[in-house]
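Grab the two chains, each in its own frame, and use the hints to assemble them into the complex.
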Amino acid sequence: QKEVEQNSGPLSVPEGAIASLNCTYSDRGSQSFFWYRQYSGKSPELIMFIYSNGDKEDGRFTAQLNKASQYVSLLIRDSQPSDSATYLCAVTGYNKLIFGAGTRLAVHP
Amino acid sequence: NAGVTQTPKFQVLKTGQSMTLQCAQDMNHNSMYWYRQDPGMGLRLIYYSASEGTTDKGEVPNGYNVSRLNKREFSLRLESAAPSQTSVYFCASSFSGTSGRGVGETQYFGPGTRLLVL
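For the record, the sequence lines run as chains W and Z. As numbered in our numbering, residues 8 to 116 make up the first sequence, in order. As numbered in our numbering, residues 684 to 801 make up the second sequence, in order.
Among the clues, some could well be false.
To be verified - Okay, the calculated beta carbon distance ranges per label pair:
(1) S59/W - A765/Z: 20 to 28 angstroms
(2) T698/Z - I25/W: 28 to 36 angstroms
(3) A765/Z - S47/W: 22 to 30 angstroms
(4) E64/W - A765/Z: 28 to 36 angstroms
(5) N745/Z - G66/W: 38 to 46 angstroms
Stated by the list, open to error - A short list of chain Z residues far from chain W (calculated; beta carbon distances all over 12 angstroms):
(6) T690
(7) K697
(8) G699
(9) S701
(10) T703
(11) A707
(12) D709
(13) T737
(14) Y747
(15) N748
(16) E756
Bear in mind the hints are in silico, worked out from the structure with no lab data behind them. Using N, Cα and C, we set each Cβ at its ideal position, and we do this for glycine too.
The following block holds chain Z by itself, in its conformation from the complex (with noise of 0.2 angstroms):
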């Protein structure tokens, strides 16, 4: 059971290149989020889905894309990366958004993926 897996683990790109970010989960999880994180900054929302066929922006989702790939897949596309994407991407997921008890609410997060646009 790997829970939630991220590729790749560290990536260096040029201004303008394009790259996708994967993340896969084995926990049968409905809901799949991208986060990125900068210093002093926490955890920003880039795009979520809340089950599989659906996707919504987060706070910062200018400049990405997703795509619900089937209930266990969730990619995150830079079509023109930008040294201001330069960050940490965490793929996180969840039973659910809105049990209101916590436990289906619980995300769990991957590894991280950093990410250098020069």
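Looking at chain W on its own, in the form it has when it is part of the complex (with noise of 0.2 angstroms):
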């Protein structure tokens, strides 16, 4: 079993809706998680982070972490074109994060 799993997509929504990223993590002693986007050809930059259980916003951006079920989602609200990217999900290990292979989201017009 991958240490974090995402669904590797791609996921496509309409310009507008609401994408929904999923993320599940295994090991139960990870305090931090973190959302990063990454555009084609470019380096991943972080979105937000989040250590608490339930829900933070930031902007169109809301992560919601459920420690119990092991389980992160990312939630992009007015969808828009420029949001076309690959979504990296990770989770603090022993003085690193470990990162999930990434979810592509397409955004169409």
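Rendered as structure tokens:
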């Protein structure tokens, strides 16, 4: 079993819709959870992190964490074509982050 | 404030050649990391340095060596390049590895080095 699992996609959503990206992790000891966005040919950039159960909102982005279910998600409201990218989930391990393989999101006009 | 810088941006090597990828950060971070990214494989950790003077193996260390030259610089060396090492290499840094509140562990990435081994 992979330590961090994400559906590879592509997840295709129409412009203006809500995109829902999901991630599960195996280590119950993980404390912090991250979402990165990576455009094609570019490096990953941080969208947001979360460490408490529940929701955390930042603009159009909402991260949701459920430690009991070992599940973290990212909601993107009012999706725009510029949101088309690969979204990487990461969780803390010992002195490092463990990344999922990413979900490719395509927002079509 | 340049963040994390990497050199070179692109390199072509022949099998058996050696090279060193350079990484530097100006954010006073303690921890630094080297990843490789292959299509469909996500980011795989090669080596990391939790603090100046320490280095540890990651998920895929074979064929690589690292040097934490000082707090700012962390280099990755390929002693004898192989076609399987064709990849995009990212360096990243963070303030620490284990603060438990997200801020410390947030990693910032360099622009990457695209390596082709023929």
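Against the structure, the hints:
1. S59/W - A765/Z: 20 to 28 angstroms: 44 angstroms, violated
2. T698/Z - I25/W: 28 to 36 angstroms: 48 angstroms Cβ-Cβ, so the 28 to 36 angstroms window is violated.
3. A765/Z - S47/W: 22 to 30 angstroms: 26 angstroms, holds
4. E64/W - A765/Z: 28 to 36 angstroms: Cβ of E64/W to Cβ of A765/Z: about 46 angstroms, so the range 28 to 36 angstroms is violated.
5. N745/Z - G66/W: 38 to 46 angstroms: 42 angstroms, holds
6. T690: 14 angstroms, holds
7. K697: 25 angstroms, holds
8. G699: 28 angstroms, holds
9. S701: 25 angstroms, holds
10. T703: Given a closest Cβ separation of 20 angstroms, the condition holds.
11. A707: The claim stands: A707/Z keeps its Cβ more than 12 angstroms from every Cβ of chain W (closest is about 15 angstroms).
12. D709: Given that every Cβ of chain W is farther than 12 angstroms from that of D709/Z, nearest at about 16 angstroms, it holds.
13. T737: Violated, because the least Cβ-Cβ distance between T737/Z and chain W comes to about 9 angstroms, which does not exceed 12 angstroms.
14. Y747: 16 angstroms, holds
15. N748: 18 angstroms, holds
16. E756: 18 angstroms, holds
In terms of the numbered hints stated before, the structure departs from hints 1, 2, 4, 13, listed from lowest to highest.
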